[in-house]
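Chains A and B, in that order, are what the protein sequence lines are.
For the first sequence, the positions run 1 to 256 when this note's numbering is used.
For the second sequence, the positions run 1001 to 1329 when this note's numbering is used.
The hints are simulated quantities; they were obtained by calculation from the structure and are not laboratory data.
The model shown is predicted, which means the values in this text are computed figures rather than measured ones.
Some hints could be false.
Claimed, not checked - Covered by chain B, according to a simulated footprint, are these stretches of chain A (three or more residues, beta-carbon under 8 Å):
1. 2-12
2. 16-24
3. 130-138
4. 181-193
Even glycine gets a Cβ: it sits at the ideal position worked out from N, Cα and C.
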Amino acid sequence: MTALRVLNSIFTITEFELRKLRHDYSQVFMRVIQPALWLLIFGEVFAKIRVLPNADANYLQFLTPGVLAQSVVFVAIFYGLMLVWERDMGLLHKLLSTPTPRYSIVVGKAFSAGVRSLFQAIVVLILALLIHVDLNITPLTVLGVLAIIVVSGMCFSSLSILLASLLRTRERMMGIGQAITMPLFFASSAIYPISVMPDWLKVLAQINPLSYIVDAMRALLVTGQFASLPMDLAAIVAATVIITTLASVSFSRIIS
Amino acid sequence: MSVIEVEGLTKQFGQFIAVDGITFQIEKGEIFGLLGPNGAGKTTTIRCLLTLSRPTSGTARVCGYDVQKQASRVRELCGYVPQGVSVDGDLTAYENLLFYAKLFCIPGDVRKQRISEILGFMQLDDRANDLVKTYSGGMMRRLEVGQALLNRPGALFLDEPSIGLDPVSKRAIWDHVSRLRDELGFAVLITTHDMYEADQLCDRIAIMNGGKIAVIGSPAELKAQLGGDVLSLTSSAPDCAGVLEDLGYQLLIEPSNGAIELVAGDGEREIPRVLEALRVHGIAVEAVSLKQATLDDVFLKYAGKRIGDGEAAWRDTRAMRRAIRRLAR
Chain A
1 MTALRVLNSI
11 FTITEFELRK
21 LRHDYSQVFM
31 RVIQPALWLL
41 IFGEVFAKIR
51 VLPNADANYL
61 QFLTPGVLAQ
71 SVVFVAIFYG
81 LMLVWERDMG
91 LLHKLLSTPT
101 PRYSIVVGKA
111 FSAGVRSLFQ
121 AIVVLILALL
131 IHVDLNITPL
141 TVLGVLAIIV
151 VSGMCFSSLS
161 ILLASLLRTR
171 ERMMGIGQAI
181 TMPLFFASSA
191 IYPISVMPDW
201 LKVLAQINPL
211 SYIVDAMRAL
221 LVTGQFASLP
231 MDLAAIVAAT
241 VIITTLASVS
251 FSRIIS
Chain B
1001 MSVIEVEGLT
1011 KQFGQFIAVD
1021 GITFQIEKGE
1031 IFGLLGPNGA
1041 GKTTTIRCLL
1051 TLSRPTSGTA
1061 RVCGYDVQKQ
1071 ASRVRELCGY
1081 VPQGVSVDGD
1091 LTAYENLLFY
1101 AKLFCIPGDV
1111 RKQRISEILG
1121 FMQLDDRAND
1131 LVKTYSGGMM
1141 RRLEVGQALL
1151 NRPGALFLDE
1161 PSIGLDPVSK
1171 RAIWDHVSRL
1181 RDELGFAVLI
1191 TTHDMYEADQ
1201 LCDRIAIMNG
1211 GKIAVIGSPA
1221 ELKAQLGGDV
1231 LSLTSSAPDC
1241 AGVLEDLGYQ
1251 LLIEPSNGAI
1261 ELVAGDGERE
1271 IPRVLEALRV
1281 HGIAVEAVSL
1291 KQATLDDVFL
1301 KYAGKRIGDG
1311 EAAWRDTRAM
1321 RRAIRRLAR
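Just chain A, same shape as in the assembly (with noise of 0.2 Å):
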């Protein structure tokens, strides 16, 4: 019974985020439009300099992975501002005092996130295919793309409502956010591998997330090497699973 209504709020809130996503679609492509920036300057011009080490892959299919994960990370960190807005207006409120297990509002909300960039990757997969990046594109990758994103968007929006939950305003929502949005991109293999850099950045690399995330989707989109697939997906899951739960015992903080 229990396990049913968690099910059933879970996917009531992912319906309803979606149907908020139809009426107003626009916020997709607003949301493409950071990653293609990266996609095509940045990607372009970096193509131009010899980054990587041992060039059997050219530059845009090492960042294309790089950039699909960003355009999920960056949406996902915000996510907990949308809960603060919430909780100002009263929304929050009204939900908590129905019967809805709090950690199922919080995987709802994470999930429905998770579902939301799905669309935007996809846009963003799109345009690579668009300026000839050459892809490992089968319906078995692709299928394994998208859940890694709509893992990894679950993973970042959960840490976002972690933060609000203890954070509690807009403003330090936003500060935050600032913050570590760039550190989290820059400390990764998103945009060069992680043997180029120094021996203290490495270690953070190591224990972030994206890292894992982004290795992942370039074994499958780009190497085709699979030895470190399970490891890279182990990692994403624990970190989900770790980061959700915090959230969801934390969560009722943020209407205290």
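We have chain A; now place chain B onto it with these hints.
Below, chain B alone, put in the same frame as chain A:
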């Protein structure tokens, strides 16, 4: 058994005591108002009853269930309209209702019918498929009340239901709430700092101040405790006051600006009687005025200050209007 039973409820935030050992009961079919200025502890009381906030001490039961030990049962049986806006502007009215119907696990075959009933009842059926951000404040509030009815609650909680609304929408909300109470027979708890609202809508009110309940009673009872209305007469006849005293009226001691003031239980009915009696004695009266007792006077008596239309009330109204505008953006 009362629907809501609160005993010695206390909520403390650090050193600050928001609610200080309050006790009251609300019966089935009763509209009960918590009346008081901002910061009196009204919203905190509601949050404790809705299991959103844990009481520091004391007990509270809603529909027979303890808010601390049986929180999820309580949540099943409560309808709640929070302060602010609790409908999602990016969804239609129908979707807003469907969302909560699903969260309350209302079976699919009942769901559709209940939603359309509610839409009809709240007179929103013709706009049901419009996005809520295109609604007026009054329509949003009607939808919120409708949303709170989906689970057929035994107790309905309305936190400042008419704040920020124009007089017509305010009146409409009051009508809806009393009609719902008559038809569905649940207990209603509203918080308000609007004396007039409490007077018009509530069967009983509790006046709250500084976290404590100063007095509980029906609006009429509370006003009667003040001794009734005050009639003020102006007459040039020198023996007017004497005649009135002979007639058995109790005069107030310091008649200001030459007027004679007397206490009358029910002022509106007393005026013709007084005038007739004076006419019989050949005394002409130039002017009569009636000052009826208000809940504001009651509040003044029990809380030692006026609640009225202070700065704080305006701040709330502005905040509410902003919230509605933000949604409509």
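Hints the structure fails to honour: Hints 3 and 4 not satisfied by this model.
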